[in-house]
Every structure is written in structure tokens, then in C-alpha cells.
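From first to last, the protein sequence lines are chains A and B.
Residues are numbered in the working numbering as their position in the first sequence, beginning at 1, plus a constant of 20.
Residues are numbered in the working numbering as their position in the second sequence, beginning at 1, plus a constant of 154.
Bear in mind the hints are in silico, worked out from the structure with no lab data behind them.
Hints should not be assumed to be uniformly reliable.
As the list claims (entries may be wrong) - Chain B regions said to be covered by chain A (calculated; three or more residues, Cβ under 8 Å):
1) 219 to 230
2) 239 to 249
3) 265 to 275
4) 297 to 308
Claimed, not checked - From chain A, some residues computed to sit far from chain B (all C-beta separations above 12 Å):
5) Pro173
6) Val188
7) Ile469
8) Cys568
Glycine residues also receive a C-beta, built at the ideal position from the N, C-alpha and C atoms.
One letter stands for each residue in the lines below.
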Amino acid sequence: MDASLQARADSLFSERYDSVACRTDRMFAALFLLQYLGCIAGALLLSPQTWVGGSSEVHVHVISAVGVGGLLLSLPLYLVVTRPGCASTRYVIAGAQMLFSALLIHVTGGRIETHFHVFGSLAFLAFYRDWRVFLPATLVVCVDHIARGAIWPESIYGVSAASHWRWVEHAAWVVFEAGFLTVSCIRSEAEMRSLAESQAVREGSQEERYRGLYDEAPVAYLTVSPAGRITSANARASQLLGERVGLGDMCLEELLEPRPELVEQAALLSQILIAPGGSIEQVHVIETRLRSETPEELWVRMTIVREVGSEGVVRESRVLLEDVSARKLATLELEETSAKLREASWRAGMAEVASNVLHNVGNVLNSVNTSVGVLVEGSEGSRVSDLKRASLLLREHAQDLPAFAASKQGRALPEFLTQLTSTLEEERRRHRGELKHLQESVAHIHDIIASQQATAAVGAVEELVALDDLVREAIALAEEESGLKPVCDLDSPEPIVLDRCKVTQILVNLIRNGWDAMEEVPRAERRLEIKTRASRGSHRVEVRDAGCGIAPEDLVKIFGHGYTTKPKGNGFGLHSAANSAKEFGGDLVAESAGLGQGTCFTLTLLSREVMA
Amino acid sequence: MTPSPPSPWQPWLKVTFVAWLVCLTASLGGLWAYSARPGDSGHPPATWPEEVPRAQAGFTLVLFCHPHCPCTRATVHELERLVVDCGGDLEVVAYLVLAEGVPEGWERGPILKLLSGLEEADVRLDHGGRLARRFHASTSGTVALYDPRGELVFSGGITPSRGHEGTNRGRSAVAELVRGERPSFTEVPVYGCPLRQTSDPAHVASGACCGR
Numbered sequence: 021m022d023a024s025l026q027a028r029a030d031s032l033f034s035e036r037y038d039s040v041a042c043r044t045d046r047m048f049a050a051l052f053l054l055q056y057l058g059c060i061a062g063a064l065l066l067s068p069q070t071w072v073g074g075s076s077e078v079h080v081h082v083i084s085a086v087g088v089g090g091l092l093l094s095l096p097l098y099l100v101v102t103r104p105g106c107a108s109t110r111y112v113i114a115g116a117q118m119l120f121s122a123l124l125i126h127v128t129g130g131r132i133e134t135h136f137h138v139f140g141s142l143a144f145l146a147f148y149r150d151w152r153v154f155l156p157a158t159l160v161v162c163v164d165h166i167a168r169g170a171i172w173p174e175s176i177y178g179v180s181a182a183s184h185w186r187w188v189e190h191a192a193w194v195v196f197e198a199g200f201l202t203v204s205c206i207r208s209e210a211e212m213r214s215l216a217e218s219q220a221v222r223e224g225s226q227e228e229r230y231r232g233l234y235d236e237a238p239v240a241y242l243t244v245s246p247a248g249r250i251t252s253a254n255a256r257a258s259q260l261l262g263e264r265v266g267l268g269d270m271c272l273e274e275l276l277e278p279r280p281e282l283v284e285q286a287a288l289l290s291q292i293l294i295a296p297g298g299s300i301e302q303v304h305v306i307e308t309r310l311r312s313e314t315p316e317e318l319w320v321r322m323t324i325v326r327e328v329g330s331e332g333v334v335r336e337s338r339v340l341l342e343d344v345s346a347r348k349l350a351t352l353e354l355e356e357t358s359a360k361l362r363e364a365s366w367r368a369g370m371a372e373v374a375s376n377v378l379h380n381v382g383n384v385l386n387s388v389n390t391s392v393g394v395l396v397e398g399s400e401g402s403r404v405s406d407l408k409r410a411s412l413l414l415r416e417h418a419q420d421l422p423a424f425a426a427s428k429q430g431r432a433l434p435e436f437l438t439q440l441t442s443t444l445e446e447e448r449r450r451h452r453g454e455l456k457h458l459q460e461s462v463a464h465i466h467d468i469i470a471s472q473q474a475t476a477a478v479g480a481v482e483e484l485v486a487l488d489d490l491v492r493e494a495i496a497l498a499e500e501e502s503g504l505k506p507v508c509d510l511d512s513p514e515p516i517v518l519d520r521c522k523v524t525q526i527l528v529n530l531i532r533n534g535w536d537a538m539e540e541v542p543r544a545e546r547r548l549e550i551k552t553r554a555s556r557g558s559h560r561v562e563v564r565d566a567g568c569g570i571a572p573e574d575l576v577k578i579f580g581h582g583y584t585t586k587p588k589g590n591g592f593g594l595h596s597a598a599n600s601a602k603e604f605g606g607d608l609v610a611e612s613a614g615l616g617q618g619t620c621f622t623l624t625l626l627s628r629e630v631m632a
Numbered sequence: 155m156t157p158s159p160p161s162p163w164q165p166w167l168k169v170t171f172v173a174w175l176v177c178l179t180a181s182l183g184g185l186w187a188y189s190a191r192p193g194d195s196g197h198p199p200a201t202w203p204e205e206v207p208r209a210q211a212g213f214t215l216v217l218f219c220h221p222h223c224p225c226t227r228a229t230v231h232e233l234e235r236l237v238v239d240c241g242g243d244l245e246v247v248a249y250l251v252l253a254e255g256v257p258e259g260w261e262r263g264p265i266l267k268l269l270s271g272l273e274e275a276d277v278r279l280d281h282g283g284r285l286a287r288r289f290h291a292s293t294s295g296t297v298a299l300y301d302p303r304g305e306l307v308f309s310g311g312i313t314p315s316r317g318h319e320g321t322n323r324g325r326s327a328v329a330e331l332v333r334g335e336r337p338s339f340t341e342v343p344v345y346g347c348p349l350r351q352t353s354d355p356a357h358v359a360s361g362a363c364c365g366r
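If we strip away everything but chain A, and leave its shape as in the complex, we get:
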């Protein structure tokens, strides 16, 4: 057997023996505790008290069992905990075990049966498979017999005049058993060593086969020392990495491309290779870029398997390298294309968003324009000039007011002022209504812009609101210039979660379209019906007009972007409304029996539970 195999065999033998010694130490620790308890129980059972006439005290045996027994097991237990597997620990245990036999024999009154404890203990000590443990055990027995034989022979031999060599007879029986057990231990050791050598040889042949596989493997394979240095590389690794590896003084992280974004990866790699076992998982996968000797980028997937010893220290790491350059470059290219596509989509989306905003704002601006027109007309035809004339008349007759009051003109003035006051109050009420309408329209424009900004930034703003309330709001916003009012049949009062602004925009859109579709219809025949219904989580709004209707062939493209039947339309309104309805998980459909038959738009919204 060559030196390396012998070293491996010694290592295996040592490892196994340590395991046996530690296990036997633990067994003796348990045995000591049991013996201690047994000794106390025996003392309490056999000699609990000592007597003088009618009075008694605790017997010395009980005190000794607790005190001497405790002292006896203290050092062995301490050594088992702090120095398990050490030779000195088992030698102390061997001596202490023999002394425990002496204590037990004494506490049980020197019973012959208790003497078997000595021989049983020797058999237990053989569990160590170390014949040296019999030396302290035998030594303790001999010293005990020699000392007591000299000082107090009767306590051990039963006679006061025993021979000075009587201890030899007693010790001989111990030596007799220990001798057999020693032979057994030596044979056991030889078997353990033989097994270790056989395993070392098997491992050697496996190592040889493994080496062949290692060199011829189609994957790149490196071994790395605990210091992070590359200790070996197979042929495929040399091919992949060039002649840089296999030098023995190169660190694995030095293979990485020196880029700022890879600095953290290099640090992580270093940590994985040398960190103690408990802190990091045993297998690690890292995808990184290595230095390349060619202009092409070299990307690898690195799988690191660490071999961690029982003491928690990394013994060696094995690294598999997989060339993933083609995939990585394809991924990068895909990501770049995807980014460009996103940019283009974003720009296109921005244009559509702008169209939507302009369209919706335009709708509301119509309402604003109407209100402003009403206010302008109202201010131009105001009766304030009549009030001015009345005040000038009074100023002219300031010096002769009694005479003026008695005149015909003067008598008519109070009636005139009363009528004027009534007219001006009516005028102010109308203006106030228009101003309120104007304020709401401006607020709606603000909402539209805020909604688009919110959508562009973090998504729609949703709130709990009743659909009927939204319909009423939309009717007010889309008020017809001629003052016609839609016919309402509203029956969806339950609040639901929805984007208030967008739904309002859709409704305003539909109502305005309805009025616009009836421009050619005589005023008396214009009729716009709005109906809301709620059923099983679905909320529906119908806007039905008696307008020009839609030809069947146009019904399929009515929601298309840019499609319109109105002379001044831009084709964004219905397109945007249909898109918004789909965003809510709902739907917008148009129905018409044909040209001149009117149109019905139905907006369906799903409550949040139904959508989920």
C-alpha cells in the first residue's frame, strides 16, 4: 500500500475510532448516572438509618452514596462533555468505574453478588476497543486490595492475618478477564484497521476511475481549495478557459470579467468558497461573465458544490462550468428588442391618450361654451339699464320729489321698480345656475386630466359610487343647448367600485352622441331615454336615442379608432369608451334597427366580486 493510501486508511481508521470512543463515552456517562441513582437507592433501602437504642439518624451509607458517589462521577462527566473521545477521558472513566464498584460493594454490605459489578464493568470498558483502558482499571483494583490488605485486611479478605500476597489472587481474576478482553480489543482494532485499509483501496480505485471520467467529461470541471485557489481543471475546462487555469495559484474570482457590475458577484463567490458550512447552502448556482481571450463574450453558468467537513470547515469545492454565451447573448438581444418595442408602444399609447384627453375635454368644453353663451346672452339682454334709467329719473326730481310722486310718471314708478326687481332676481337665478354648471364642467376637465395623469403614473383611481349618481352627473354635464332633458328610468342605487372619472366620460360621450344623432329630428320628436339596471353583480346603462340610426354594415366598425358618422366627429369617443369599458371588465355594445331607426348603446359594468 502506497503512502497516500496508507494515510487515507489511517484517516478513516481514526475517524471511525473517534466515533466509537465518543459513543462509548456517552454510554458511560449514562451508566454513571444510573449507578449513582442505584447507589443512593440501595443505601436508602438497605441502611437508611443508624440506631442508638430507640433513636436514629441518617446512616453514613446514605450520606456516602450521595457525597462520594457525586464526587466519583463529577470528573468523568465533565471530561465526557468537554473532551469526548480523548484517551485521557476513557482512562479516567475506567478508574472511576472500578471505584464505583468498590462503593457499591460497600453500600450493599459486601454482598458476593455485587462483586460481579467489577467484572461487568470490565466488559463494558471493552466497548472502547482500546486495551489500554484495562490498565487504570486493574491498577485501581490492585491498589485498593494492597492498601486495604495492609491497613485493614479483614474488610477485604475476611481474615486479619491474610498473606501479604493475597491481593495477587484477587487481582489475578481481574487480570484474567482483562486479558481476554485485551485480546478481543486488539483483534477488534485489527479488524477496524483492515476495514479502513480495504475502504482506502476501494476509494483509490474509484478515484482512478473518477479521474478518467473527470478528464474526459464533456462539461468543464474545476476543483478549488478552501483558500479559493483552483487546484485542478479537466480538459473541457482548459478548452473553455484557455491556458489560464490549472496553475494552482489562481483564484476562481480572477476568472471573472473585471466589470463594476460583477464586483459583487466576485465577492459572493469568494464568500461561498471559504465561508463555514452553516452559513451558506451547500450548492450554489451563479451566472456570470468570464474573461475571454477572444473578442466574443464568454458567459457561464457556474454550479458550486462545497464539501464541508464535520467540523464545519470547507474542505474543497467543485465547480461545474456550462457555456451559456449563446443563450445569454440571445437573451440580451431579446431584452433590447423588447425595450425598443416598449418604447414604440409607449409613444403610440401616448398619442392615443392625448386623443382621448382632447376628445373628452372637447366634450366638456362644448358644455362650457354653451354656459358661457347663455351668460353672454343674459348679460347683453339684462334689465339693469332700466334700473339705471329709474335712478336717473329720481336724481332729476331730487329737489321736487313730492311733486314728482304726485305726477303720473311718479305714480307709475313703484310698480315699475317692483317688476324690475322681479325680473332681475330671475336673471340672477339663471346666471347662478349657469355659473354652477360652468364650475362643474371646469371641475370635470380637471378630473379628466387628473385621471389621465393617474393612469399614466400608477393606474386608475377607483372609488365606491352609485351608478345612478354618475348618470345624473353625466346628464348635467352633457346638457342640451335647447334645454331638452332625457327621460330617465334609473334603478341601480347600490354603490359599486369603479373609476368614477372614466365611467362619467363614457356616459357623457353616449349622451352627447344621442343628442347629436337627433340634430336632424324635429324638436318635438327628439327623445333620449336613459335606463339603469343591476342584476347579480352586473350593472347596465342603456342610452337610447330616436336619431338617425346606424346602418347594419357600420355597426361592426362603430367602435373602431377614427371611425365616425358625424360631420364634425373625430372617431375617438366611442373607441375610447369601448376600451375603457373593457378595462373595467365590462362591455359596450351598440344596437340599431337601421338608418332612421335610432340607436341604443348599452354599457355593462361588472362588480368587483364578479370580475374576480
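Fit chain B to the known structure of chain A by using the hints.
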């Protein structure tokens, strides 16, 4: 074979080991010394007291026991062996000495149970320790052997130490005397609990409590 790498003990551990060994030796030594300390052997009368009934045919062994003395278990076990050794030539009278003032039934202890199992023994109660005083017995386990003529031929204990069984001089001497041989010893130490309180003048004078 010491496969584990040698791991030297730190100085403090060596000191601890030595201290442990010394304490252990001292405490075990003290325990053995306690067991080896005999009680008062007393000096039984040279002839069998006339007022005490006995069989006239052979040797009579009179034993005085404390009913609860754990050491006397060993004496009873040794007595069992002795009876077997003597082969029926020995009359055994065992007195359970009841101290004054003890409650009724106090005699029912482990010693009475053991003696009850010994058919050859005539077990009697000695109320107040009157007969024990008559035989000058102060220590539980005291034995006196009288020959067929009523003369004292042996006195002492029949255990090697306090509460310990095993071959001993007292048992050997009694067996030899009954067999008609001449023993090496006719007086040996006795090991056991004192039969009386230290306040007893006779007990104090004899130093019977020294075993405690």
C-alpha cells in the same frame, strides 16, 4: 491503540484531577474506617445465668440484636451459614432488645423478619434490655457461646466489619468450637449499632457509641 490525537491537559485540569483523586481517596478511606470501627464487645458472664432458661444438651449461642440495626442483617446472614456449618449441634437464642419507652410493636423490623426465617433460632424479646445488661451486651450483633456445661467459650461478633458479610474470625471460631476444635480466637470485635442510649451509665462507661 490511541487513534485520537493526544490532547494535553491544561495545568488547572491536572490540579483538578489530583484534587479529585485526593478527595475520593479520603472519603472512601473514611467510609471504610467507619465500617472497621467496632462497638463495645462487652464481657458476658463466664457461666450461663441460672435464671435464664436454656437447653442442657449442647452448645448454646445467645445473640443480642437491635430490631432496626441495618448492620445486624449481615450478622443474621452469617448466623444462617453458621447453623448450617454446625449441622444441628447448636442451640440459638436470639434476643431482640427493646429500648425503654419504645412504642408497642417496635420490635417488628427487618431483623425480626430475617430471624423468623431461621427455624433453628429461638427468638425472644428483651424488654428494656434487661437480659442484655445481664450478659453485658452493648452492641447489636453481640454473640456469646456457652458449652454444654454452661461455661462461656466465645464472645464477640460474627461479621468482618460493620454491616459486611463474608468470611470472618468470629464465625470460624464458633464453628470450630462446636466441632470440638480449638480456635485461634475466643474473643473478637463486634460491629453494630449500640443497643442503649449514651445516657445509660453502663453504656457510657463502655464507650459503645464510638461507632457512630
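Checked hints:
no., hint, verdict
1, 219 to 230, "holds (count 7)"
2, 239 to 249, "violated (count 0)"
3, 265 to 275, "violated (count 0)"
4, 297 to 308, "violated (count 0)"
5, Pro173, "violated, 9 Å"
6, Val188, "holds, 18 Å"
7, Ile469, "holds, 82 Å"
8, Cys568, "holds, 104 Å"
Taken one by one, the earlier hints fail for this structure at numbers 2, 3, 4, 5, listed in ascending order.
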